Structure formats: structure tokens, C-alpha cells
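For the record, the sequence lines run as chains A and B.
Take the first sequence: its position 276, counted from the start at 1, is 278 in the working numbering, and no numbers get skipped.
Take the second sequence: its position 41, counted from the start at 1, is 43 in the working numbering, and no numbers get skipped.
Hint data in this document are derived by calculation from the structure and do not stem from the laboratory.
Each hint can be trusted.
Identical copies look the same in the list; a pair holds intra-copy or inter-copy alike.
With a Cα cut of at most 30 Å, we get these calculated DSSO-like pairs of lysine-lysine:
#  : residue 1 : residue 2
1  : 143       : 76
2  : 76        : 222
3  : 324       : 31
4  : 217       : 266
5  : 39        : 222
6  : 324       : 39
7  : 266       : 222
8  : 266       : 324
9  : 159       : 39
10 : 217       : 143
11 : 217       : 11
12 : 159       : 31
13 : 266       : 159
Since the model is a prediction, treat every value here as computed from it, not as a measurement.
There are 2 protein chains.
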Amino acid sequence: MLENRESDKTALEQLGEFGLIRHLSRHLKITQPSTLKGIGDDAALLRFAEKEVALSTDMLVEGVHFDLGYTPLKHLGYKAVVVNLSDIYAMKMEPTQVTISLAVSNRFPLEALEELYSGIALASEVYGVDVVGGDTTSSTKGMIISITVIGQGEPGKAVQRSGARPNDLLVVSGDLGGAYMGLQVLRREQEVFKVNPRHQPDLDPYAYLVERQLKPEARKDVIALLESLQVQPTAMIDISDGLSSEILHLCGASQTGCVLYEEKIPLDPTLIAACEEFNLDSTTVALGGGEDYELLFTIGQEDYSKIKGNPNLTVIGHMAQKESGAMLITRGGQQLPLQARGWNAFDPAE
Amino acid sequence: MLENRESDKTALEQLGEFGLIRHLSRHLKITQPSTLKGIGDDAALLRFAEKEVALSTDMLVEGVHFDLGYTPLKHLGYKAVVVNLSDIYAMKMEPTQVTISLAVSNRFPLEALEELYSGIALASEVYGVDVVGGDTTSSTKGMIISITVIGQGEPGKAVQRSGARPNDLLVVSGDLGGAYMGLQVLRREQEVFKVNPRHQPDLDPYAYLVERQLKPEARKDVIALLESLQVQPTAMIDISDGLSSEILHLCGASQTGCVLYEEKIPLDPTLIAACEEFNLDSTTVALGGGEDYELLFTIGQEDYSKIKGNPNLTVIGHMAQKESGAMLITRGGQQLPLQARGWNAFDPAE
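Please work from the sequences and hints to get the whole structure.
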């Protein structure tokens, strides 16, 4: 009776809501000293003493933000946590706790949620955050994941979007556009699979891009690097919606303009090759792609020598007076106004 | 071009995600000293200094937790916030900030979300909490609301579920079962309306019950009352799933049994009348109904004199040794084991 008729999977209603939460959270460990009490009461209890606290939340909807046709559930769980942690790192703070809320239709057996939670558990272990609460309920369609993350930092040290000044250098970590091209590769394979289910995809040449899409990392290492280099960014944001959209957020919040140099935008060779194959312009992909979860920040010019030559960081331009606008200087030397081409969750064309 | 063709409502994609968040949050005020920065960055910034922090989250799914056929959107927004605040009060802590995440299908125009947000804003004003963040995205079906609430309290003063001891008195605020019967009334009216759309419902006799269902309040006043009476509960929980289920949570977490007296369960006269009309047993309704958001707590016997005769509080039983189990003593003097009949989000029969 523990298995339903259609398969050898366990139906969720057999556990009930509380049984399910207990079951899914049984392997999660509490490691943060700021967690006094995790799952199991009306609320989690935390203690931050002399610290400032950062709070961020994100909702992921099946069919809008992810497609289970090519997203393994474990990767989805990992990514759902990581994209939230990225928001805390983007304040130069340390994520400490997350809550996971989940609505799932009855098409998902228990084993699917176990897979999802194994990814959540892995991310919480890798990044050292505690899962301290959440909610699990049924949906009438599909899977919806809502994650809230809390972080801590020294008072007054949080880096907001609003601190950039004209002439500050604009710096980005890693390389851009990979997650978007990984998505294109996965979607192409899915189309081929629909026509020929026996098709064996060879994703090896695209491994880097596919990993950028399916298993992104939050740049905890970059925050540690900035700390060790003693660089305090004047403004920072993470790249979830595409470089141009995030630059415009920094400019808007800081009341500045900016100059971005196309030739400086860091691109991985695999990305350039894939863009050629898909007949896409790599700059457009980097500017609008999204989901790279790299950090974009500004630093005073006096800090340039501290980051110069660091393989993880690239200066891609500088901030400017508000009146001069946000400009892209192309490889050909042309000046173009930078436009938000970020991903719009309400755009039916997406 | 600002209006879509099917009606004079504004389609969500016309604003875009950031425009929508800005628009919906434009009237929200920040009043908590612990809020350093609200909406508008990667994360909100908070400061709690010497306090302990409580964190709770809840997800509401259209068609599972609410039915827009009889739930006005403003009430829904109000209730969604209130049920989360209730979890913080149930720790005897003060809610201070909330984040609101929303997934909505394109069947909802902007005006619908404005209605929802007017209820969210009202609740945040009434209870003095700041809306400091959230996420707004599209869903493939229906509306999903995920709310996270943060609260604060003096270190060591949070009341957990686990502190009840044998012989502690079991106390409940307000009266029970009203929200459930309000739901029955609303569902009946909806059925009548389906048959006869011209039917004018007379909800006056059920006003109290309907309000309990559509516009519940969190018992902030009871927390203030306990404070003024200098009563520190040994354990506490809010009644979201029905009295019996919550009592069993207290017994489980505290490793105790309990004795509940049927005749002591506080019932409003309107509820008793409605139960007779619907041919339902009022004790069953109070035990299993849920959504009353009253507080259920235990106090040491030495505190009895402090609460005795208070019209807001009713002693309904006492805790007992674990071995004697959780028992209901009926009006006829019969002893029955108390069973969880709470609402199960995964039970297809619900």
C-alpha cells in the first residue's frame, strides 16, 4: 500500500504534509552558529548579535523558469538555492540560512522530491547555509519553488547598488553568456529528441555551457577574493538578467551613466564557438543572456592595481556622469545606448 | 495601447517585472527601526542588534488554499500576510518584516494585483510590519503567494512548542471553528449562485463566521495581554490546522500527553447555530476546522489566577504524562483518544 498503482513510486498524500517535511529534511544538518532552532516550530529562531542581516527571496515556476524536460531535479534543487545565495553575495554578505517552500502537483512522486532535496542539501552543504524552514503543499499544476535566504555581515559593510560614482571602474567576475547558450544547446537537443527519441546527444563539446545553465555557482569565492585583496566595491549586483540590464540597475540606483567596452566583455572560447554554430552574436548573448550569476561591481580607480591581472576579474568599462547616459562602445568604435534586454517573466514572447 | 482588447484592464506584460514591483510597492511605507533598506536592491538590509530573530514562511496556492470564486483579492492579500504573522506571535515574538512573492497567470490584470496589494498594505499597516522584498513572476496557471515573515524578540524569551510540562494548563484564545463554518457558508452560496446567478445572498446571519474565514486576525492583542498579565507560556502554537492537530503538535514536541474537555472548548453562538443548520457536530468542527489563527498555549498552574475570568482566554484542559496519551473527555464523560483531523494539503479528498 506504500506504492501507487501506476508506478513503483510513492504518492505524496501517503505521507501527509508534516510527514513529508520531516522526511525530506531528515538529512539536513544545522551548522551555522546563528541558527538557534531550525525546522519544527512555528518559526525558526536565529541570532545575529552585532551583525546586519540581509534578506532576499525568489520564486521559480515550472514552465516559466525551468523545464523538467531537460533539467534534472537534483540540479534544479541546487540551482534554486544557489541563485538565492547569489543575491546575498551581491551585497558582500554571507548567506547563513534558507527556507524552502514547494508547491507540487500530484504528478510528482516522493522520489522526485527526494531528488530535488538532494540538490538543495548539496548546495546548502557546499555553501554552508542551514535549511531552517519552509512549506510543502500541493499545486493544481506543476512545481513552484520559493526560496528565502538570510545572510549576515558587519554593520555598514553591505555593498548596495547605489554607491557607484562617475569614473569608478566597472568590473565583472568570470565570463558571460554561457548559461544562455547552455539553454540553447539543451533546447535543441530536446527538439531532436522529440523527433527521434533514440537520439543519443553528444553534449561533450558544450559541457561548460550546459553546466553554466544547469549547475551555476554563486561567487562566494569572488567575495573571499575581494576580502583578501582588501577591495571594497562601491556598488554591486549579481548578473541574473543579463549584463546590460544589471548595468542599467547600477546606473539607475547610483544616478550615474557608464561606458561599457564591447571588446572587454569576457567570453569563454566555448561560448564563441557555440554562438558561431547557432548563428548568434556573442555580444548580444552576453548582454542579454542572463542566469550567469557572476558578480558585477564598481571600484574606485585607486583600487585598480589590487585587481589588475587577476584572472577572475575583468574591467569592462567605467561609470560616468548621469547626463552622458549608459553607452556601449562597439569593437568598431561606435557609441550605442545600452538597452535592457533582460529576461522578462511577463513577456509572452519568452 | 495601455489597455488590452478584451477589457479595460492593464495587462501585466506592459509593465515588465521591475515596473510591476515598483508599481505595486509604491504606497508601502517603512516604519520598523530594524529595517535599514527595503525593496530595491539584491536583498533587504535589517538590523536586530541584541534581539533574537524568528523566520517563518508559507505558501498559498489558488485552488488549494483559496478560491477566488468567493475570496475578494483584497481579503486574500490581508489574510496571506496575517496567517504568516500568526506564526511569529505564536513564538511570542514581534513580526517586523515580510517579503511577498507572487506568481500569477496572465488572466490577472494589473488591477487585480493592485487589489491584492491593497490588502497586503492594509495588513502591514495594521500590524506594523514592513514589506521589504519579494518577487513577482508569471505562472502557467492560477495564483501562488509565498510570504516570508521575520520577527524579533528578547533573547531566550521565544516560546516554542516543546516547553509544556505535565499538569500545565492548556489555554486557547478566542473561539474556534468559525473560519471553517464561514467556508461552508461561502461554498453553499457559491453553489446556489451557480444554479441561479441572480440569487442575492443574505450573509448577515453568518457575518461573524464569514469574516473569520475571509479576514482573520493574528492575535497580536493576546500577546500584549500575556505581556501585561506577566504570563510566560511554557509552550505555544497558533491554530491553523484545527485544535486537535495543534494539541498533538504540542504534546509531540513537549513529550507529554494531555486531557482536553469537550465542554470547555469555546464556541461562538453563531457557530453553534450554523452547525445545527448544516447538521454538523460543533465539537468536530472546532477540533478539525482550522484557519482560526487563535493561539493555543500552556501555562504553569501557578499562573492560573492571572488569566482566570479573562474573556479572551479559556482553559480547555491540561497537559499530562506522555504515557497517558492525548485524551478528549466528552460532555458525557467518555474518554476518547484525540486524533489529528487537521487539513492535509495532499489529501485529494479535501
